[in-house]
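For reference, each letter of the sequence shown is one residue, going 355 to 504 in the numbering used here.
Warning: the hint list may mix true and false statements.
[To be verified] Ranges of calculated distance between the beta carbons of each label pair, as one might list FRET restraints: (1) Ala387 <-> Pro456: 57 to 65 Å; (2) Gly490 <-> Val388: 44 to 52 Å; (3) His411 <-> Gln433: 18 to 26 Å; (4) Pro456 <-> Gln414: 15 to 23 Å; (5) Arg379 <-> Thr492: 26 to 34 Å; (6) Ala445 <-> Ala387: 35 to 43 Å; (7) Pro500 <-> Met396: 42 to 50 Å; (8) Leu394 <-> Asp436: 41 to 49 Å.
No lab work stands behind these hints, which were simulated from the structure alone. Here a beta-carbon is modelled for each residue, glycine too, at the ideal position from N, C-alpha and C.
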Amino acid sequence: MLLIKSKSISRRHCKPRSAGKQKTRGIAAVEFAVVLPPVLLMILVSVEVSRALAVQHSLQEASLNGCRIYSLSDKTQQQANDMINLSLAEAGISGHSIQYVPATKAEITAEMQPVTVNISVPYNQVGVGIQWLLAGSTVAASTTLPAESR
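Given the sequences, and given the hints that come with them, work out the whole structure.
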């Protein structure tokens, strides 16, 4: 039988077990510090873009409702304005502008003449977070329908 002599290892040459954990914790903290800002920025950007899309959808619905009324011969432009304002108030949107083409009901002269309603709102009126992202932008929607015969 072969016996192998082993040298005893003194404790002074061994690393304490907690030294490796400290190093790992330090690496994790640095990773977190590097990754956190881009992740937060992506989250904020996605919230802003989602809000812009939601506002655009609400404007589209309001322009469709207003254009339906504006295209009818027995309805007035004020009734179309009221419908648009009501639709946008329910969506929590204010500060919008409305444009009609043709500009007045008197200019609708032919059956099936295209009638367009354009609605726009500056993004700074409806943004929720980082306003500088879409600063100076306008969210808009437009609907065109044929006019009813007179």
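For Arg379 and Thr492, compare the CB-CB distance with the range 26 to 34 Å and indicate the outcome. violated, 49 Å
How does the Cβ-Cβ distance of Leu394 and Asp436 compare with 41 to 49 Å: does it lie in that range? The hinted range 41 to 49 Å holds for Leu394 and Asp436, with Cβ atoms some 42 Å apart.
Regarding Pro500 and Met396, is the given constraint of 42 to 50 Å on their beta-carbon distance met? About 44 Å separates the Cβ atoms of Pro500 and Met396, which means 42 to 50 Å holds.
Kindly confirm whether 44 to 52 Å is satisfied by the beta carbon distance between Gly490 and Val388. violated, 31 Å
With 18 to 26 Å as the target window, see if His411 and Gln433 comply at their CB atoms. holds, 23 Å
Do the beta carbons of Ala445 and Ala387 sit within 35 to 43 Å of each other? holds, 40 Å
I want to verify a distance hint. Is the separation of the beta carbons of Pro456 and Gln414 within 15 to 23 Å? Since the Cβ atoms of Pro456 and Gln414 sit about 21 Å apart, the hinted range of 15 to 23 Å holds.
Using the C-beta atoms of Ala387 and Pro456, is the stated range 57 to 65 Å upheld? With a Cβ separation near 60 Å, Ala387 and Pro456 satisfy 57 to 65 Å, so the hint holds.
Violated hints, in rising order: 2 and 5; the structure is consistent with all others.
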